[in-house]
Amino acid sequence: MRAFALILLCASFWPQSFVIAASDSGEIQTRESITDRSIEIPEWKDWKRVFLLQDYNTRVVILGTTLLGMAAGMIGSFALLRKRALMGDALSHATLPGIAIAFILATSLGLNGKSLPILLTGAAVSGLLGIGAILLIRNLTRLKEDAALGIVLSVFFGAGIALLGIVQQMQTGHAAGLESFIYGKTASMVASDAWLIGSAGLTCVLISILLYKELTLLCFDEGFAISRGFPVVLLDMTLMGLVVVVTIIGLQAVGLILMISLLVIPPAAARFWTEKIVNMTVIAIVLGALSGMIGSAMSAIFPNLPSGAMIVLVATVMFLFSMIFGIPRGILIRKLRRYELNTKVNRQHLLRGIYEYLEARGLLNEKQTSETTLVPLAALHQMRSWSLPALKKIVKRAQQEQLVETIDRDQIRLTSAGLQEAARVVHEHRLWELYLITYADVAASKVDQDADAIEHVLEPEVITELESLLVRQSTEGVLQSPHAIEIQQAETNPHRPDSRRAT
Amino acid sequence: MSGLEQWNWFLDGWIIVAGILCAVSTALLGNFLVLRKMSMLGDAITHAILPGLAAAFMISDSRSSLPMFVGAVIAGILTALFTEWIRGFGKVDEGASMGVVFTSLFALGLVMIVQAADHVDLDPGCVLYGAIELTPLDTILIVGWEIPRVVVVLSVVLLINLLFVVCFIKELKLTSFDPALATTTGFNATVIHYTLMTLVAITAVASFETVGNILVVAMFVVPPAAAYMLTDRLGTMIVLSALLAAIAAVTGHISAITVPHWFGYHSTSTAGMMAVATGLLFVVAALFAPRHGIIVVSVRRQMLSWKILAEDIIALMYRIEERDPHQKPDAAYLREILFSRPIPTLLTLRYLTKQGQVADAGGNYELTETGRDRARQLVRSHRLWEHYLVEHAGMSTETIHKQAEQLEHFTDRRLREKLNEDTLDTDQDPHGRPIPPEDELR
Numbered sequence: 001m002r003a004f005a006l007i008l009l010c011a012s013f014w015p016q017s018f019v020i021a022a023s024d025s026g027e028i029q030t031r032e033s034i035t036d037r038s039i040e041i042p043e044w045k046d047w048k049r050v051f052l053l054q055d056y057n058t059r060v061v062i063l064g065t066t067l068l069g070m071a072a073g074m075i076g077s078f079a080l081l082r083k084r085a086l087m088g089d090a091l092s093h094a095t096l097p098g099i100a101i102a103f104i105l106a107t108s109l110g111l112n113g114k115s116l117p118i119l120l121t122g123a124a125v126s127g128l129l130g131i132g133a134i135l136l137i138r139n140l141t142r143l144k145e146d147a148a149l150g151i152v153l154s155v156f157f158g159a160g161i162a163l164l165g166i167v168q169q170m171q172t173g174h175a176a177g178l179e180s181f182i183y184g185k186t187a188s189m190v191a192s193d194a195w196l197i198g199s200a201g202l203t204c205v206l207i208s209i210l211l212y213k214e215l216t217l218l219c220f221d222e223g224f225a226i227s228r229g230f231p232v233v234l235l236d237m238t239l240m241g242l243v244v245v246v247t248i249i250g251l252q253a254v255g256l257i258l259m260i261s262l263l264v265i266p267p268a269a270a271r272f273w274t275e276k277i278v279n280m281t282v283i284a285i286v287l288g289a290l291s292g293m294i295g296s297a298m299s300a301i302f303p304n305l306p307s308g309a310m311i312v313l314v315a316t317v318m319f320l321f322s323m324i325f326g327i328p329r330g331i332l333i334r335k336l337r338r339y340e341l342n343t344k345v346n347r348q349h350l351l352r353g354i355y356e357y358l359e360a361r362g363l364l365n366e367k368q369t370s371e372t373t374l375v376p377l378a379a380l381h382q383m384r385s386w387s388l389p390a391l392k393k394i395v396k397r398a399q400q401e402q403l404v405e406t407i408d409r410d411q412i413r414l415t416s417a418g419l420q421e422a423a424r425v426v427h428e429h430r431l432w433e434l435y436l437i438t439y440a441d442v443a444a445s446k447v448d449q450d451a452d453a454i455e456h457v458l459e460p461e462v463i464t465e466l467e468s469l470l471v472r473q474s475t476e477g478v479l480q481s482p483h484a485i486e487i488q489q490a491e492t493n494p495h496r497p498d499s500r501r502a503t
Numbered sequence: 001m002s003g004l005e006q007w008n009w010f011l012d013g014w015i016i017v018a019g020i021l022c023a024v025s026t027a028l029l030g031n032f033l034v035l036r037k038m039s040m041l042g043d044a045i046t047h048a049i050l051p052g053l054a055a056a057f058m059i060s061d062s063r064s065s066l067p068m069f070v071g072a073v074i075a076g077i078l079t080a081l082f083t084e085w086i087r088g089f090g091k092v093d094e095g096a097s098m099g100v101v102f103t104s105l106f107a108l109g110l111v112m113i114v115q116a117a118d119h120v121d122l123d124p125g126c127v128l129y130g131a132i133e134l135t136p137l138d139t140i141l142i143v144g145w146e147i148p149r150v151v152v153v154l155s156v157v158l159l160i161n162l163l164f165v166v167c168f169i170k171e172l173k174l175t176s177f178d179p180a181l182a183t184t185t186g187f188n189a190t191v192i193h194y195t196l197m198t199l200v201a202i203t204a205v206a207s208f209e210t211v212g213n214i215l216v217v218a219m220f221v222v223p224p225a226a227a228y229m230l231t232d233r234l235g236t237m238i239v240l241s242a243l244l245a246a247i248a249a250v251t252g253h254i255s256a257i258t259v260p261h262w263f264g265y266h267s268t269s270t271a272g273m274m275a276v277a278t279g280l281l282f283v284v285a286a287l288f289a290p291r292h293g294i295i296v297v298s299v300r301r302q303m304l305s306w307k308i309l310a311e312d313i314i315a316l317m318y319r320i321e322e323r324d325p326h327q328k329p330d331a332a333y334l335r336e337i338l339f340s341r342p343i344p345t346l347l348t349l350r351y352l353t354k355q356g357q358v359a360d361a362g363g364n365y366e367l368t369e370t371g372r373d374r375a376r377q378l379v380r381s382h383r384l385w386e387h388y389l390v391e392h393a394g395m396s397t398e399t400i401h402k403q404a405e406q407l408e409h410f411t412d413r414r415l416r417e418k419l420n421e422d423t424l425d426t427d428q429d430p431h432g433r434p435i436p437p438e439d440e441l442r
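These protein sequences, in sequence, are chains Z and Y.
For the first sequence, the working numbering gives the first residue as 1, with consecutive numbering after it.
For the second sequence, the working numbering gives the first residue as 1, with consecutive numbering after it.
Be aware that a few hints might be false.
Partial list, derived from the structure: chain Y residues whose beta carbon lies under 10 Å from chain Z [to be verified]:
hint, residue
1, Lys37
2, Ala107
3, Leu110
4, Ile140
5, Val143
6, Ile308
7, Glu311
The hints are simulated quantities; they were obtained by calculation from the structure and are not laboratory data.
A virtual CB, placed ideally from N, CA and C, is assigned to each residue, including glycine.
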């Protein structure tokens, strides 16, 4: 599956380069290669160079982004389940004023303003302030979380931009490097940065493994966590703190605007593949690592692609693939399951309709001859709110399954297999109706609809249980309907209270 | 000292006009984003227009405004659409689907721009923080007047937004507060939703060139949020948000010129300072708003807790007196029963003494005549409620005390009379203690 994802991933880049090349095709002859916008396909030795990690620089960058992807995937899973996906966005924007202030302070104190630890400390402080502001707005005012995020994001970032405007006028420092925090500059990553990312990321992962149970509880059932005496506020702050750390180490790699994508996209993609949180975190880690690795490798191979953006795009492709093809929760599989259920429901409705029609006319005694009387489609059409074309389609499918036979255009009859299946379906329907009347106090006139909703999904064990509960006598044959069945042209009252069996 | 001596009515005047136009047209729509809990959509759309710009540029191969405008608006609408799809089809949490969509589109836009950047100054930085300072330089001639192009564009956008809000105020209100009701009464909530999204995209695109998308996000969210703190009426909220946005635009530009001078620099980004100005306005509104402000709410809460403590104290003293008329409790004894903290208890007792409800006899306290009246009414409320809860609400005798303890503070004379009518048959509460009369029989 993963290999397929890779192929799909590679394939997805071709159309893009075609589009870009195509948009150029009109003018490509008149232009020199310097202004050529098309992506050149690198030679084999370039591929080899990147994939065998022969360059020191490539090695560092790929290692750094992979580690970052792993840490972000893990922390992001919890943030996503806690419905805090966009918190990372507000947070990463909120780091900008901190970076600018740290630069200004460090420079005026005579330190190297561009040293990474100083800038990241500033980023962490203002990121935490941003979180504090979000929590304050959310808890103390009538505004909701989304407004709190929007306010903090835009005001902090605006302050950051204003401060950067000042930094640019400073005589002492060259502020050129600061803007790389906005878009990220992976290529400038050096070994110490990779180590920083690695160690900080590892710390985050270790903390979240240690607090795995508590964080899981926090994500799924906060109320229960409170009632069991877990320090929920503290845990929440820890989780947010982890998000801050991951965001800050990612600033340099992918930039503050795209950092949120590493926190959101891999976990969201992982969610399509599993229902278990352990699996989800593991898959998110793998997907995060892959997008970091492939993205930065792509950017190393193709000279024109910015690595931060490439990492995000790789993650997006994985997300789209997972959303469509993911096994328990992807779109295709859910559509397929729904389709199967609908088909089954329709088939059972058809069989029950025929059975009840025959039963109302007392025609079921011919059952032993394995062929039952013909049933006109028009009569079936009136029993349910289905359109005639839909009914014909259902009949056709049932015919393929050899449950009914079409005699001429508007007449069908049950085969012996069909009759058996119909008897089973009707029996289950009436069991449930009887249960509703006996134990759930539902009025007899209303049970038909209620039973309709559930009869199709009853498990065999439930049927056995219901039978032993309701049918004291022998369980062979079909139950008598507990209410009058309304069938057009039914002349006699089909309700026969003296016998429990219809046959 | 300040930078205002360089003030130029032509340059700064147009910058402020452009800022106000942008701020007001954005804030108008922002009200509905905030009310629909979609504040972050402004952020998402403004980021995601980047690939639209780049694609339009690549296809038309020019920097002329119209194709880029159209491309960006389409990208903005697609963002809203994709977010909705991923949320609906993929069953992903709305925030996450928004995060996936806009970061992906932004990354795509970055890649496309880098491809195009060899020979064009389509700078992503310009998208982020705009170039409002350059507004007056790009003018067009309208009826003999030289008016900045941006001002013309923004005026049109403001007019459209104003028309939309005025014409569809009823529909917007209904779909924002109760989409289900809107659908049942025959308004199509989806149509209104996507019209709003289209206008949000148009406004964002028209504004981003001048003020950058961060200020657009700020104007979408912060002035409406501040207005939401100040009022409960939609109409007032819309007007207030527009007003606050305009004030923020003016103060933002002025402070962009003046504030850096205090620290010895020239000036800074107007857009950034406008965002900061909205933030300051929001803080003021959130703190000092008359009904929902943080200060008013916390003062109200504190007053209520003191009132309840005072009532608890005199009710307790009434009960003590009832049991043993000669016992005069001291503060420590009261605290022990009420589980209250020392300082509030002492302050409340002092307050009660000053009010003449409690008499201080050298550290021990006893009720005065007025205090006893009030306490009797409280205890009466409490026991009437207990009786009512057992007789009419079918609760068991063990659980009613807590309920009655809460209800007694919010029961006035009329309610007590009603309760009394319902419980005429007895003058004892379920625990067997007498229900005191409303007024003491003299």
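Results of checking the hints against the structure:
For Y:Lys37, the suggested interface contact is upheld, since its CB lies about 5 Å from the closest CB of chain Z, less than 10 Å. The closest approach between the C-beta of Y:Ala107 and any C-beta of chain Z is roughly 4 Å, which is under the 10 Å cut-off, so the hint is satisfied. Using the Cβ-Cβ criterion of 10 Å, the hint placing Y:Leu110 at the interface with chain Z is satisfied: the shortest such distance is roughly 4 Å. The interface hint given for Y:Ile140 is violated, since its Cβ lies 28 Å from the closest Cβ of chain Z, which is over the 10 Å cut-off.
Here the hint on Y:Val143 is broken, as its CB sits about 36 Å from the closest CB of chain Z, past 10 Å. At a threshold of 10 Å, the smallest CB-CB gap from Y:Ile308 to chain Z is about 21 Å, leaving the interface hint violated. For the restraint placing Y:Glu311 at the interface with chain Z, the shortest Cβ-Cβ distance is roughly 27 Å, beyond the 10 Å limit, so the hint is violated.
Hint violations for this structure: numbers 4, 5, 6, 7, all remaining hints satisfied.
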